[in-house]
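**Student:** Just so you know, the sequences run in chain order L and Z. 8 is the number of the first residue of the first sequence in the numbering used here; add one for each residue after it. 8 is the number of the first residue of the second sequence in the numbering used here; add one for each residue after it.
Read the hints as simulated data drawn from the structure, not as lab findings. Hints are not guaranteed to be accurate.
To be verified - Here are the computed lysine to aspartate or glutamate pairs in the EDC-like style, where the Cα-Cα straight-line distance is at most 16 Å:
| id | chain 1 | residue 1 | chain 2 | residue 2 |
| --- | --- | --- | --- | --- |
| 1 | Z | Lys144 | L | Asp41 |
| 2 | Z | Lys302 | Z | Asp234 |
| 3 | Z | Lys98 | L | Glu55 |
What follows is the residue order along each chain.
2 protein chains.
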Amino acid sequence: MNEFELIQNYFNWPLSDPTIELGIGDDAGIFDLDSGYQLVTTTDTLSEGVHFFKDTTPEDIAYKSLAVNLSDIAAMGATAKYFTLAITLPKLDENWLEHFSKSLKKASKKYNVSLIGGDTTRGALNITITMMGIVEKSKAIKRSGAMNGDNIYVSGDIGDAALCLKKINEAEKPHKAEMLRLNKPIPRLELGIAINGIASSCVDISDGLEQDLSHIIKASRVGAMIDVQKLPLSQSMANYIADNDDWSLVVCGGDDYELCFTAPESLHSEIMKIAKICKIRVTKIGVINDSKKLKIKGYDGHSKSYQHF
Amino acid sequence: MNEFELIQNYFNWPLSDPTIELGIGDDAGIFDLDSGYQLVTTTDTLSEGVHFFKDTTPEDIAYKSLAVNLSDIAAMGATAKYFTLAITLPKLDENWLEHFSKSLKKASKKYNVSLIGGDTTRGALNITITMMGIVEKSKAIKRSGAMNGDNIYVSGDIGDAALCLKKINEAEKPHKAEMLRLNKPIPRLELGIAINGIASSCVDISDGLEQDLSHIIKASRVGAMIDVQKLPLSQSMANYIADNDDWSLVVCGGDDYELCFTAPESLHSEIMKIAKICKIRVTKIGVINDSKKLKIKGYDGHSKSYQHF
């Protein structure tokens with residue numbers, strides 16, 4: 008099978024989005040953009056041994072590759088639309104590809120995004136997706152808009168993916184529900200769009216709350232005070248903390264793909280309403296100040312947030 | 008150094024394109040698209056041991072990663088504009104990164120494209136660039152437009168990258184000029200834009216003329232007859248063929264990144280004029296017919312075009 012056949016067989020599923028003039032199968036994909044909109048583009052790689060284990064299923068790899076990119080689009084308050092897939096495989100394993108492509112197709116249908124281009128290469132397993140979304144001109148939620156006095160919020164519960172990873176690394180079997188938090192993160196697209204126009208800044212928590220909130224602070228030239236006692240915890244995490252008095256997984260654990268965002272206190276009830284509509288827990292965890300520093304009340308550990316190198 | 012610092016240090020150079028609202032440093036890049044235009048998107052990966060050798064310099068890897076993507080945009084007759092970079096590195100080698108980023112910056116300046124997003128990951132060396140270009144609505148040159156009777160053209164000389172690779176694999180030292188053909192392919196952006204509105208179909212030769220022309224034939228539901236005696240050869244290649252009576256490198260050799268395109272005979276003189284203006288050799292190598300097959304006069308070898316697996 009050559010690359011062309013591989014793409015035809017596994018990745019050339021029909022697309023229904025009328026803005027796409029040309030999908031997979033030419034030198035490049037082509038799509039339209041309505042006037043008054045901007046294109047929002049992000050890229051994320053999943054690499055074996057770093058983002059997933061040798062025994063992670065192709066279904067989970069496909070889903071997560073898409074989800075982590077969707078999460079970036081969610082953090083911009085944009086609507087995800089198109090993506091390209093660059094996949095590097097050690098060998099042509101048709102069974103693996105079959106499962107990978109089925110899962111990718113299912114996830115792309117679920118999140119209403121279209122695969123418009125791709126490349127396949129031989130080498131160590133590596134999946135890079137580039138996701139494109141659209142947003143009304145000048146309406147994207149940047150990291151740089153947080154203001155002194157704004158509340159700081161996070162969606163969902165945090166730290167569970169890190170807890171699951173810790174269990175695996177310590178040869179303890181995680182519960183199924185915990186594995187889902189690691190392998191099947193839910194991109195908060197609906198929430199991202201709902202807080203567009205309300206949130207002053209937003210980031211998705213991929214490398215750990217402490218590191219990702221620091222990006223907001225730096226970009227916005229502000230400081231922040233958060234309180235570990237206010238961080239939203241799952242029951243598993245609450246148990247873990249009660250047993251170990253260790254907040255580092257919640258404060259620094261990566262792979263949550265929840266949104267961390269800021270908004271003025273005057274919009275607090277609006278945000279709680281949105282959370283209800285989106286059926287997502289949204290928790291106020293602290294306040295932006297002008298200190299230029301991130302202070303975490305109740306946590307005196309050094310940064311253990313995920314470092315790529 | 009964390010990922011954020013790595014990107015700040017090596018990839019966050021100033022951008023001058025006024026259509027970019029947000030470059031590297033947020034969850035995603037943002038840009039505008041003028042109305043009446045479409046976005047053209049392609050992605051290509053370079054992987055160590057497949058697309059380059061262990062001793063290939065970071066400068067050459069950076070240049071080629073960009074060039075192969077630009078070549079796809081050229082083949083669509085589009086104008087290259089924005090790109091994202093996903094780079095997977097075995098370790099944090101600041102010297103390597105310094106050279107890689109300098110070369111990428113230089114090449115992106117040369118071809119007038121802007122880096123608007125990126126991701127860095129640890130793992131086997133792997134570089135994926137996603138390139139976005141713009142084209143007037145419905146004006147992109149697709150693979151599917153070739154018509155019975157159209158002439159077939161290629162730009163430049165072909166087969167030289169394959170000849171260079173063959174020498175390296177046989178432990179023969181290639182000339183500097185030959186190494187350039189392998190490591191520094193020139194994306195035919197100017198030519199691609201110039202033949203937009205004239206060419207009926209176009210593809211870039213990345214996997215070998217025989218395979219890439221076959222894509223045009225298949226997409227256009229036509230056939231083709233080309234003649235090896237008409238293929239444009241460098242002096243090195245002419246010598247090699249005279250000595251070895253082996254046309255396979257020219258017919259099937261990959262990595263040329265020249266354009267192969269079709270156009271009606273009535274536009275032949277127009278095309279020769281364009282070639283002169285672009286200062287690129289453009290050669291008529293055959294004619295499209297309705298046979299649904301590719302016949303290569305003077306070449307009876309089986310396909311040896313590059314197979315990704």
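**Student:** State for each hint whether it applies.
**Tutor:** Tested hints:
1. Between Z/Lys144 and L/Asp41 the CA atoms are separated by roughly 12 Å; this keeps the pair inside 16 Å, and the hint holds.
2. At most 16 Å may separate the alpha-carbon atoms for a hinted pair to count; Z/Lys302 and Z/Asp234 meet this at roughly 8 Å.
3. Of the supplied pair hints, the one linking Z/Lys98 and L/Glu55 holds, its CA atoms being roughly 15 Å apart against a limit of 16 Å.
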